[in-house]
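Protein sequences, first through last, are from chains A, B, C and D.
Numbered per the working numbering, the first sequence spans residues 1 to 120.
Numbered per the working numbering, the second sequence spans residues 121 to 439.
Numbered per the working numbering, the third sequence spans residues 440 to 605.
Numbered per the working numbering, the fourth sequence spans residues 606 to 997.
Calculated directly from the structure, the hints in this document are not laboratory data.
Where is the CB? At the ideal position from N, CA and C, for every residue including glycine.
Incorrect hints may have been included.
Capping the alpha-carbon separation at 27 angstroms, the derived lysine-lysine pairs in DSSO-like fashion look like this [said to hold, decoys possible]:
no.: 1; chain 1: D; residue 1: Lys921; chain 2: D; residue 2: Lys669
no.: 2; chain 1: B; residue 1: Lys147; chain 2: A; residue 2: Lys40
no.: 3; chain 1: B; residue 1: Lys147; chain 2: A; residue 2: Lys34
no.: 4; chain 1: D; residue 1: Lys669; chain 2: D; residue 2: Lys915
no.: 5; chain 1: D; residue 1: Lys685; chain 2: D; residue 2: Lys921
no.: 6; chain 1: C; residue 1: Lys463; chain 2: C; residue 2: Lys529
no.: 7; chain 1: A; residue 1: Lys40; chain 2: D; residue 2: Lys645
no.: 8; chain 1: D; residue 1: Lys704; chain 2: D; residue 2: Lys669
no.: 9; chain 1: D; residue 1: Lys795; chain 2: D; residue 2: Lys957
no.: 10; chain 1: A; residue 1: Lys40; chain 2: B; residue 2: Lys175
no.: 11; chain 1: A; residue 1: Lys27; chain 2: B; residue 2: Lys175
no.: 12; chain 1: B; residue 1: Lys179; chain 2: A; residue 2: Lys27
no.: 13; chain 1: A; residue 1: Lys34; chain 2: B; residue 2: Lys179
Here are some, though not all, of the chain B residues that point toward chain C, as calculated from beta-carbon distances under 8 angstroms [claimed, not checked]:
no.: 14; residue: Met152
no.: 15; residue: Leu156
no.: 16; residue: Asp222
no.: 17; residue: Trp227
no.: 18; residue: Gly233
no.: 19; residue: Val259
no.: 20; residue: Val263
Residues of chain A placed beyond 10 angstroms of chain B at every Cβ, according to the derived structure [claimed, not checked]:
no.: 21; residue: Thr43
no.: 22; residue: Ile103
no.: 23; residue: Leu106
no.: 24; residue: Tyr110
no.: 25; residue: Lys114
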Amino acid sequence: MATASLAAIVFVLISAVVASSLVVAAKLLRVRAKVDSPLKRRTYECGEEPLGPTWIQFHPRYYVVALVFVIFDLEAAFLLPWSLIVRELGMAGVIEVAVFALILMLGWAYAVKKDALKWQ
Amino acid sequence: MHWLLWSVVIITVLMTTTAWALWLERKLAARMGSRLGPTMVGRHGLLQPIADLLKLLQKEDILPEAADGALFNLAPILTAVFAIATVAVVPFGEGVIAADLDIGVLWVLAFGGLMVIPVWMAGWASNNKFALLGGMRAVAQAVSYEVPLVLASMVPVILAGSMSMTDIVHYQQQHSWIALWPTLPGLPAFLLFLLASLAESNRIPFDIPEAESELVAGVSTEYTGMKFGLFYMAEYIHTLVSSAIGAALFLGGWSGPFAPGLHWMLLKTLGLFVFIYVVRWTLLRFRQDQLMRLAWVWLVPMGLVLVFMAAVVVVWGGA
Amino acid sequence: MMQVAFGLVAACLLLAALFSIGSKNLVHGVLWLGATLAMTAVLYLMLDAPFLAGIQLLLYVGGVMTLMVFGVMLTRRHADLAVLREQRRKSRGAFVAAALFGTLAGATVTTPGLDAPAAGSATTVELGRALLTEHLLAFEVVSVLLLGALIGSVVLARKRDFGATR
Amino acid sequence: MSAPQPQHRIELAVHEGEGDLMLVNFGPQHPSTHGVFRIKLLLDGEIVVKAVPYPGFLHRGVEKLAERLTFTQLGPIVDKNDYIAPMTNEQAIFMAFEKLLGIEVPRRARWMRTLFAELQRVASHLLWLGTFALDLGGALGGGATVFLYCFRERELVLDLFEEVTGARFHYNTHTMGGNRHDLPAGYAQKVHATLDVIAARLVEYEHLTSTNRIFDVRTRGVGTISSELALGLGLTGPVLRASGVDHDLRRDAPYGAYDEVPVNVMTETSGDCLARALVRIREMTESIRLARALIDGMPEGPICGAKAIKTPTQFKAASGQVYVGIETPRGELGTYVIAGGNERGAAPYRLKIRPPSYHAMSVLPYVLPGHMVSDVVAILGSLDPIMGEVDR
Numbered sequence: 001m002a003t004a005s006l007a008a009i010v011f012v013l014i015s016a017v018v019a020s021s022l023v024v025a026a027k028l029l030r031v032r033a034k035v036d037s038p039l040k041r042r043t044y045e046c047g048e049e050p051l052g053p054t055w056i057q058f059h060p061r062y063y064v065v066a067l068v069f070v071i072f073d074l075e076a077a078f079l080l081p082w083s084l085i086v087r088e089l090g091m092a093g094v095i096e097v098a099v100f101a102l103i104l105m106l107g108w109a110y111a112v113k114k115d116a117l118k119w120q
Numbered sequence: 121m122h123w124l125l126w127s128v129v130i131i132t133v134l135m136t137t138t139a140w141a142l143w144l145e146r147k148l149a150a151r152m153g154s155r156l157g158p159t160m161v162g163r164h165g166l167l168q169p170i171a172d173l174l175k176l177l178q179k180e181d182i183l184p185e186a187a188d189g190a191l192f193n194l195a196p197i198l199t200a201v202f203a204i205a206t207v208a209v210v211p212f213g214e215g216v217i218a219a220d221l222d223i224g225v226l227w228v229l230a231f232g233g234l235m236v237i238p239v240w241m242a243g244w245a246s247n248n249k250f251a252l253l254g255g256m257r258a259v260a261q262a263v264s265y266e267v268p269l270v271l272a273s274m275v276p277v278i279l280a281g282s283m284s285m286t287d288i289v290h291y292q293q294q295h296s297w298i299a300l301w302p303t304l305p306g307l308p309a310f311l312l313f314l315l316a317s318l319a320e321s322n323r324i325p326f327d328i329p330e331a332e333s334e335l336v337a338g339v340s341t342e343y344t345g346m347k348f349g350l351f352y353m354a355e356y357i358h359t360l361v362s363s364a365i366g367a368a369l370f371l372g373g374w375s376g377p378f379a380p381g382l383h384w385m386l387l388k389t390l391g392l393f394v395f396i397y398v399v400r401w402t403l404l405r406f407r408q409d410q411l412m413r414l415a416w417v418w419l420v421p422m423g424l425v426l427v428f429m430a431a432v433v434v435v436w437g438g439a
Numbered sequence: 440m441m442q443v444a445f446g447l448v449a450a451c452l453l454l455a456a457l458f459s460i461g462s463k464n465l466v467h468g469v470l471w472l473g474a475t476l477a478m479t480a481v482l483y484l485m486l487d488a489p490f491l492a493g494i495q496l497l498l499y500v501g502g503v504m505t506l507m508v509f510g511v512m513l514t515r516r517h518a519d520l521a522v523l524r525e526q527r528r529k530s531r532g533a534f535v536a537a538a539l540f541g542t543l544a545g546a547t548v549t550t551p552g553l554d555a556p557a558a559g560s561a562t563t564v565e566l567g568r569a570l571l572t573e574h575l576l577a578f579e580v581v582s583v584l585l586l587g588a589l590i591g592s593v594v595l596a597r598k599r600d601f602g603a604t605r
Numbered sequence: 606m607s608a609p610q611p612q613h614r615i616e617l618a619v620h621e622g623e624g625d626l627m628l629v630n631f632g633p634q635h636p637s638t639h640g641v642f643r644i645k646l647l648l649d650g651e652i653v654v655k656a657v658p659y660p661g662f663l664h665r666g667v668e669k670l671a672e673r674l675t676f677t678q679l680g681p682i683v684d685k686n687d688y689i690a691p692m693t694n695e696q697a698i699f700m701a702f703e704k705l706l707g708i709e710v711p712r713r714a715r716w717m718r719t720l721f722a723e724l725q726r727v728a729s730h731l732l733w734l735g736t737f738a739l740d741l742g743g744a745l746g747g748g749a750t751v752f753l754y755c756f757r758e759r760e761l762v763l764d765l766f767e768e769v770t771g772a773r774f775h776y777n778t779h780t781m782g783g784n785r786h787d788l789p790a791g792y793a794q795k796v797h798a799t800l801d802v803i804a805a806r807l808v809e810y811e812h813l814t815s816t817n818r819i820f821d822v823r824t825r826g827v828g829t830i831s832s833e834l835a836l837g838l839g840l841t842g843p844v845l846r847a848s849g850v851d852h853d854l855r856r857d858a859p860y861g862a863y864d865e866v867p868v869n870v871m872t873e874t875s876g877d878c879l880a881r882a883l884v885r886i887r888e889m890t891e892s893i894r895l896a897r898a899l900i901d902g903m904p905e906g907p908i909c910g911a912k913a914i915k916t917p918t919q920f921k922a923a924s925g926q927v928y929v930g931i932e933t934p935r936g937e938l939g940t941y942v943i944a945g946g947n948e949r950g951a952a953p954y955r956l957k958i959r960p961p962s963y964h965a966m967s968v969l970p971y972v973l974p975g976h977m978v979s980d981v982v983a984i985l986g987s988l989d990p991i992m993g994e995v996d997r
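Please model the entire structure based on the sequences and the hints provided.
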């Protein structure tokens, strides 16, 4: 295991320790309320009783955006290895990747034309 | 073991800088709105961040009865962890780096993308309609701007031929700062990066997940005390780290004349940070559909064009 | 030292996977799956495949998780899942999982050369080289696959009425 | 999104758990309801399917109170109705009482009242611009900057009022038959100096808002009110004029000094939030022009046409009823009084106030459906409602 990988894992661990220590410190230092009221723990909905459930079935348009995102993210993941060796592969590589991207952009054009990403 | 030392130093410096960056922003915003900002705690209100921290630590911690307790408590911690962890691969000087991963840029992008999970988690776990709407908005917005952000960051990667941020700074030392190229793909890529980072860190004009005039406080509506504080802190850390990444990828990192590299890096980071906050206190905010449209219809193809421009420049320039 | 660390991470991974299956709360299940995927990324990092770890975080934990989260939001019951309590479904699921595991394990054992780790940090560059020369056709076919997925999702979006009023 | 049409009936019952729509209380305790106001929103994702407004959280029973108080006591009470434009409130109620009692108002008093009304319009529209920017841009962003700028200039107008009345908010300067306080020496220069500052900065605000791309995309085509809908629901003021109806009581039924100082009425045709914003911003410029003309041509003479108030029951009217409508910053503020309240006739038998904001809010169920949550805030803000006036 290389030092950099180890360092990265340790760094994440340290940041976790820092973040949780703040919560722990808050637990230790907090001033308890003299009067406890169940109203405090009521869900906030502008001072009214909450109307109906919150965890409802959402509109599929959110899902479609996530789907399109994953597709483009995948595209980016495929472009990343190429981006390191652009010099080495030269123009041929650029064209190969351009074909890849162009095919995908056909789908993008279709989506834009059909207003699938318009959200309304 | 010097990397361990740097890790601790970088995290400490990051946390303290965040606290006083907050003070800086408040002063800046106050000046822009013809106010004074914090003045009471310490000289020029300089101790205000400490007072804020102490106040937040003492606040009562309220768990809403309808909330999903475990996720509700976990979300702010995870948000802060992801915000801090991003900085691991950012070089602040020659060798001043916590983890010199050769996939630095990818690490940054991955952790930036991860931020939305705890934010959504907080929105869902609060079992509050405003919070949930805020969480859904946050995810939809972040995923839309993730793609342009990846594409914009790919431009320096292609030019330098490496994903290591140290290598990218070295490349800029040998050539010139990428943001200083007035032509394609330098400056436009920098602007695209800035725009997408603004959206990723939920800053105005893209702060619709919080949108306090619409969603009260978005995902943090039900949060109190230090847990709210962690969201607040993570937001500023994220902005600060985005500024640092922008400085390293496009503004030549620690390179600069006369002063030591560390100073230059901090100066550039703070410069970008101040820019982001001047934008914040100047502009109004977009609506969600306009935001999504901007990302998908304009920024994604623009990013792709810039990536291929960079590739062509590299191939023809033979640099 | 490495052995202990690996054991720890692997144990976390397994536990997260178990919680992911066992959770009756759909959202918790998805988030445990996210933890599983993140643990896999840690394993990749420990195996000195940082590119793979980054992609795992970017695509799976960031992307696929988002997709699944929004997928959960498409259901009406985020917080309690009655389906899991049916014994028949459980046994069928166990059978499919066992078959898949068997196939994968068999392939892993019989494929030669898997135990030799690739050479250090050059992997990303090598990956790109292989992708754009040796496996160029596969690379381009992937774009067609992605195109299909994209058009499919747009059609899906069109089909479910996107009108403002209902 | 098709333009909403006026409907004669609107289904007001909201059933819980309607499919997968989310039912949200938007208010009363919400940052953007301009006071306390509740809208029940039925949301499909972020899109409003149905909106039901519930006013009344700030109801103080002013109209009932008026039946117990005498004519002279009511001035300071109505100050608190539209707490953003108290001057015009006082003006409205005393104009109605004067008409009922047959009291002549001297010319100088009419000019002074008109001057105050126009200055009040500038102050009120400035506050509207600030809060509207707050709705669009948030208290933690550009909106707050515009808000603070607008407040800075509004303070200057309040300084002018303080100079005359000694109060910054609830002036109680109108009285039966005229004004209570005369203009101090050198007031004209002060008014001009203040208006110079505001006029110069209005240009800035136009840049901050109407020439700003984000302001444009957030308001253009949002919350379109057709002229039929506006007329059908009794909208008045800038909201009506933004929908292309050229109606302004200052010109169409002149009172005060408006017959001598004619008003240019500002209209727009599109009826969306942008049109309402533009109408208000132009009205500020017009009000500045009017205020300058009024202070320059201010006639000499007495400032009150009736005996000074000594006792609460000094003014009596045994019978009769009057309606007086004036153009406040928000539209037609009507006051309807029936005389003969208590046995001696010193109080109104019935007082009905017709607040422009209340009628403006009635447009919400027609306009909100089809818009997004962000637009709800923008539309509500663009109607410039004052809850004290809506609920009375």
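_Under the constraints set out in the numbered hints, which ones does this structure not fulfil?_
As far as the earlier hints go, 2, 3, 9, 14, 15, 21 are violated by this structure, in ascending order.
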